[in-house]
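Q: As a plain string of letters, each chain reads:
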Amino acid sequence: MAEILFELAGISKSYPGVMALDDVSLRVDRGEVVGLIGENGAGKSTLMRVLGGVIAPSEGVIRIGGNDHARMTVSEATKAGIAFVHQELNLFENLDVAANVFIGREKLLGGPLKLVDNAQMRARVTPLLERLGADFTPDTLVDNLSIAERQMVEIAKALSIDARVIIMDEPTSSLTISETERLLEVIADLKAHGISVIYISHRLGEIMTCADRVVVLRDGRTVGELARNQLSHAAMIRLMIGRDLKALHTPPKQAPQPGGCDIVGLVTSAFPDRQVDLSVRHGEILGLAGLVGAGRTSLARAAFGIDPLLGGEIRIDSAPVAVASPREAISQGIYLVPEDRKKSGLVLELPICENVTLASLLDHARMWLVGSEAERKIAKEQVRRLSIKAPSIDMEAVTLSGGNQQKVVLGKWLSMQPRVMFFDEPTRGIDVGAKGEIYALMRELADQGVAIVMISSDMEEVIGVSDRVAVMHEGSVSGVLEREQFSEYNVLRLAMGQALETVEAAAP
Amino acid sequence: MIRKELGLGLLLVVIAAITGAINPAFLSLVNLLNMANLIGLFGVFALGEGLVIITGGIDLSLGSMFALLGVVFVDLLTTYEVPWPLALLAVLLGGLVLGGIQGFLITRLKMQPFIVTLCGLLIYRGAARYYTSDSTRGFGYGDEAATLSSIASGNLAGIPNTFILLIVLALILGVLLHRSVYGRWLYAVGKNEEAARFSGINTNIVIATAYIISGGLAGVSTVLFVFYTNSVSPSSFGNFYELYAIAAAVLGGCSLRGGEGSILGIVLGTALLQVLQNLVNILGIPNSLNFAVMGTVILIGVLADQQLQARRRRKLALAGVARTAPKSTLVQGQQGASPRGADALPARTGDQA
Numbered sequence: 001m002a003e004i005l006f007e008l009a010g011i012s013k014s015y016p017g018v019m020a021l022d023d024v025s026l027r028v029d030r031g032e033v034v035g036l037i038g039e040n041g042a043g044k045s046t047l048m049r050v051l052g053g054v055i056a057p058s059e060g061v062i063r064i065g066g067n068d069h070a071r072m073t074v075s076e077a078t079k080a081g082i083a084f085v086h087q088e089l090n091l092f093e094n095l096d097v098a099a100n101v102f103i104g105r106e107k108l109l110g111g112p113l114k115l116v117d118n119a120q121m122r123a124r125v126t127p128l129l130e131r132l133g134a135d136f137t138p139d140t141l142v143d144n145l146s147i148a149e150r151q152m153v154e155i156a157k158a159l160s161i162d163a164r165v166i167i168m169d170e171p172t173s174s175l176t177i178s179e180t181e182r183l184l185e186v187i188a189d190l191k192a193h194g195i196s197v198i199y200i201s202h203r204l205g206e207i208m209t210c211a212d213r214v215v216v217l218r219d220g221r222t223v224g225e226l227a228r229n230q231l232s233h234a235a236m237i238r239l240m241i242g243r244d245l246k247a248l249h250t251p252p253k254q255a256p257q258p259g260g261c262d263i264v265g266l267v268t269s270a271f272p273d274r275q276v277d278l279s280v281r282h283g284e285i286l287g288l289a290g291l292v293g294a295g296r297t298s299l300a301r302a303a304f305g306i307d308p309l310l311g312g313e314i315r316i317d318s319a320p321v322a323v324a325s326p327r328e329a330i331s332q333g334i335y336l337v338p339e340d341r342k343k344s345g346l347v348l349e350l351p352i353c354e355n356v357t358l359a360s361l362l363d364h365a366r367m368w369l370v371g372s373e374a375e376r377k378i379a380k381e382q383v384r385r386l387s388i389k390a391p392s393i394d395m396e397a398v399t400l401s402g403g404n405q406q407k408v409v410l411g412k413w414l415s416m417q418p419r420v421m422f423f424d425e426p427t428r429g430i431d432v433g434a435k436g437e438i439y440a441l442m443r444e445l446a447d448q449g450v451a452i453v454m455i456s457s458d459m460e461e462v463i464g465v466s467d468r469v470a471v472m473h474e475g476s477v478s479g480v481l482e483r484e485q486f487s488e489y490n491v492l493r494l495a496m497g498q499a500l501e502t503v504e505a506a507a508p
Numbered sequence: 509m510i511r512k513e514l515g516l517g518l519l520l521v522v523i524a525a526i527t528g529a530i531n532p533a534f535l536s537l538v539n540l541l542n543m544a545n546l547i548g549l550f551g552v553f554a555l556g557e558g559l560v561i562i563t564g565g566i567d568l569s570l571g572s573m574f575a576l577l578g579v580v581f582v583d584l585l586t587t588y589e590v591p592w593p594l595a596l597l598a599v600l601l602g603g604l605v606l607g608g609i610q611g612f613l614i615t616r617l618k619m620q621p622f623i624v625t626l627c628g629l630l631i632y633r634g635a636a637r638y639y640t641s642d643s644t645r646g647f648g649y650g651d652e653a654a655t656l657s658s659i660a661s662g663n664l665a666g667i668p669n670t671f672i673l674l675i676v677l678a679l680i681l682g683v684l685l686h687r688s689v690y691g692r693w694l695y696a697v698g699k700n701e702e703a704a705r706f707s708g709i710n711t712n713i714v715i716a717t718a719y720i721i722s723g724g725l726a727g728v729s730t731v732l733f734v735f736y737t738n739s740v741s742p743s744s745f746g747n748f749y750e751l752y753a754i755a756a757a758v759l760g761g762c763s764l765r766g767g768e769g770s771i772l773g774i775v776l777g778t779a780l781l782q783v784l785q786n787l788v789n790i791l792g793i794p795n796s797l798n799f800a801v802m803g804t805v806i807l808i809g810v811l812a813d814q815q816l817q818a819r820r821r822r823k824l825a826l827a828g829v830a831r832t833a834p835k836s837t838l839v840q841g842q843q844g845a846s847p848r849g850a851d852a853l854p855a856r857t858g859d860q861a
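Quick note, the sequences are listed as chains A and B, same order.
Mapped onto this note's numbering, the consecutive letters of the first sequence carry residue numbers 1 to 508.
Mapped onto this note's numbering, the consecutive letters of the second sequence carry residue numbers 509 to 861.
Derived from the structure by calculation, the hints contain no laboratory data.
Don't take every hint at face value.
Take a look, some chain A residues computed to stay more than 12 Å from chain B by CB distance [said to hold, decoys possible]:
1. GLY53
2. ASP117
3. SER160
4. ASP219
5. SER325
6. SER331
7. VAL337
8. PRO338
9. SER344
10. SER360
11. ALA365
12. ALA397
13. GLU482
14. SER487
15. ALA499
Derived lysine-lysine pairs resembling DSSO-like cross-links, with alpha carbons at most 30 Å apart [what the hints assert, rightly or not]:
16. A:LYS377 with A:LYS389
17. B:LYS512 with A:LYS380
18. A:LYS342 with B:LYS823
19. B:LYS618 with A:LYS389
20. A:LYS191 with B:LYS823
21. A:LYS377 with A:LYS342
22. A:LYS380 with A:LYS342
23. B:LYS512 with A:LYS389
24. A:LYS343 with A:LYS377
25. A:LYS342 with A:LYS191
26. A:LYS114 with A:LYS79
27. B:LYS618 with A:LYS107
28. B:LYS823 with A:LYS380
29. B:LYS512 with A:LYS343
30. A:LYS107 with A:LYS191
31. A:LYS389 with A:LYS342
32. A:LYS253 with A:LYS380
33. A:LYS342 with B:LYS512
34. A:LYS253 with A:LYS342
35. A:LYS435 with A:LYS389
36. A:LYS389 with A:LYS343
37. A:LYS79 with A:LYS107
38. A:LYS79 with A:LYS191
39. B:LYS823 with B:LYS618
40. A:LYS343 with A:LYS253
Virtual Cβ for every residue (Gly too), placed ideally from N, Cα, C.
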């Protein structure tokens, strides 16, 4: 069984200022299931994109079938038998299963019209579906399939191109338990047929079940490899962490004041069967950690009135507040700095000035007419206070750098009276200097008595900036850490849905 | 922003000058006043269409709305002998209600504007024809609405009242669009509805209001057209007029993607369209080529505007890169430059198509 299928050797990928991959090596044997784990941003996706030919590595060698490649194209990767089952499934919902499997390489009838041979495609897909134990037919519309069934279509597609290795990126993140078991059975079956699988997941239990070998990435480097008999949750988590985190923390000027925002029994549409309870005090920065998709953004959206509350309530200083729409939330002093600033935070084509005052126009309007002078004064004030680098407040927001754009979003809220602020990934895609300024600003706001919830997937930021950290796992809060309990290990354990170890000192 | 209107105004003057040079009758007072009347007639509802287009939507139902409201209006005055102020009020309310229904379907029930207003176009026209059994309604020999008629088709010091009304409405809507909070919201919603919602703007109400205003202006236009033609034949009254409004708005700088356009631009766009029609007549170009001329001019106008904008963006992007690159770190440079260099440019092409 030790026939080497392919090997990545010394792969590096650098972007200006960032080393996404640094001398990573990965070998996959025939008929082997390799688990690939690491924190958000450890480089798993980048590595898989190198393998799939989507991006070219800066250095290193891809060795397939005895040939060395400095880089591969997508079609070379496909020809070499590398197939993906994506996290966001790439299927055409408006087409049927057979059409999806053969997309881009449709079987054609002869003749000048080159019509598509639906009958032949369906006939070829039927045995693949049977092999996967799927209970739908090739002429079913993908739109009518569940997520688990769509995954089967992706796998059938991989089989139809004679894939030799199938890369599955978080395949079970939206599956039920029985669907997950079904998938693990399919993986075992693939393995029995000599097809290898690279299984990327945060769910260590599944990794334990299916992987023959686990490769751990951290900060773009391979930090360890565990054989089947070495696998344990603790061993995997220990390898995933271990960076020395810089001391970013500025302590609050005063102890958190009494009162604040209580989220009680909140139910969001993303996790209709889970409840969230969370408290953040005035003057405190509460870090909200968790894996991508743990329900943190849904929580913030619900609290800000974007998505409906399916249950529970928000209280400020023990008084319930209505948040049926963003307008209501804003009138209560609850503000959200959204995750995607270009899509939700800014109107990119409007000038800085109009973006800053977009939420507060009515406050300084007279008889519904925009108070231009008041407006410009407010915008200038925010540009100065936040040191937004722009030649004038009439510049369109689209011309600014990421950090300055984020500051414009902040300026919009700071020109009003915040009581509770949600920051969703406030420093994503922002350079180091602007990051520091945003941290300082959050601290300043907290010291003024604002209750701050900072959603972040950046461990350094979570541990360095927060006064307390709440961790979410699959829709509910799995634990809250005080500063003396802060460690990457603890945050990760809670994020993976495991209880804290009773003797924390035992963690290295 | 204002640059576009300047260009359009200049184009208008150049075309007028050339046409006038070829045939001086074009610049005669009679012809100019006639054109002013037509500009007034077609400008009023183009303003409403413009607001709808700025939200990123479209209103295809205007022409049919004229027919339906028109037959009702004439019937109220002649058959039911309703006093004219009441009939006028009924037509205006009718327009507002129809606009309100369309706005409701589009915002609350999340239907596509094109479909909602296309169905409106079919339904209103059908209703008008059924209501009148497809017969033309007109005023008899009586003077059912002499007062209103003289207001709607009269003139003040020689200037057609329709044109004066257009200027007044344009001023009011100009303040609404360019100076009021609602106007700012309208642009924000048109450009990025999600960001507007995240800023606490009730985007549904903002959008629905645009359709309501458009419906109300359609009511006003109905009355003007009824007194212009003095009769309403339900199968042809107002046919294709919504397309004139869309053409005027697009020519005047509105983008069908929403978020762009100005009142001055829409008025100039309407004027340009009417001048083109008049020019076809006066230069002896076969009348059958009327639409072809109009289509060609719009096509060239929008294309030229797009090319100029793309060039301006490119220049801006280059200037922006040159400005930030030397003093920023590598990471910053990458982030700063890529949205401008890579995204901003292609995002513009295809605009206003």
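Q: Verify that the Cβ of A:ASP219 lies farther than 12 Å from every Cβ atom of chain B, and report whether the claim holds or is violated.
A: holds (16 Å)
Q: Measure nothing beyond the straight line between the CA atoms of A:LYS191 and B:LYS823; if it is 30 Å or shorter, mark the hint as holding.
A: Not OK: A:LYS191 and B:LYS823 at ~56 Å, beyond 30 Å, violated.
Q: Far enough from chain B: is every CB of that chain over 12 Å from the CB of A:SER487?
A: Non-interface label stands for A:SER487: nearest chain B Cβ at 28 Å, farther than 12 Å.
Q: Would A:ALA499 pass as off the interface with chain B, using Cβ distances and a cut of 12 Å?
A: Holds, since 36 Å exceeds 12 Å.
Q: Would the non-interface assignment of A:VAL337 survive a Cβ cutoff of 12 Å against chain B?
A: violated (9 Å)
Q: A:LYS389 and A:LYS343: Cα distance at most 30 Å?
A: Holds, because 21 Å separates the two Cα atoms, which is no more than 30 Å.
Q: Would the pair A:LYS377 and A:LYS389 pass a check requiring their Cα atoms to be no farther apart than 30 Å?
A: holds (17 Å)
Q: Take the C-alpha atoms of A:LYS343 and A:LYS377, compute the straight-line distance between them, and say whether it is at most 30 Å.
A: holds (26 Å)
Q: Are A:LYS435 and A:LYS389 close enough, with their CA atoms no more than 30 Å apart?
A: holds (14 Å)
Q: Next pair to validate is A:LYS107 with A:LYS191; report whether the Cα-Cα distance is within 30 Å.
A: Holds, at roughly 28 Å.
Q: Looking at A:SER331 again, its CB stays over 12 Å from all of chain B?
A: violated (8 Å)
Q: Can you confirm whether the C-alpha distance between A:LYS253 and A:LYS380 stays at or below 30 Å?
A: Status holds; Cα separation ~28 Å.
Hint compliance for this structure: hints 5, 6, 7, 8, 9, 10, 11, 12, 19, 20, 25, 27, 34, 39 and 40 are not met, and every other hint is.
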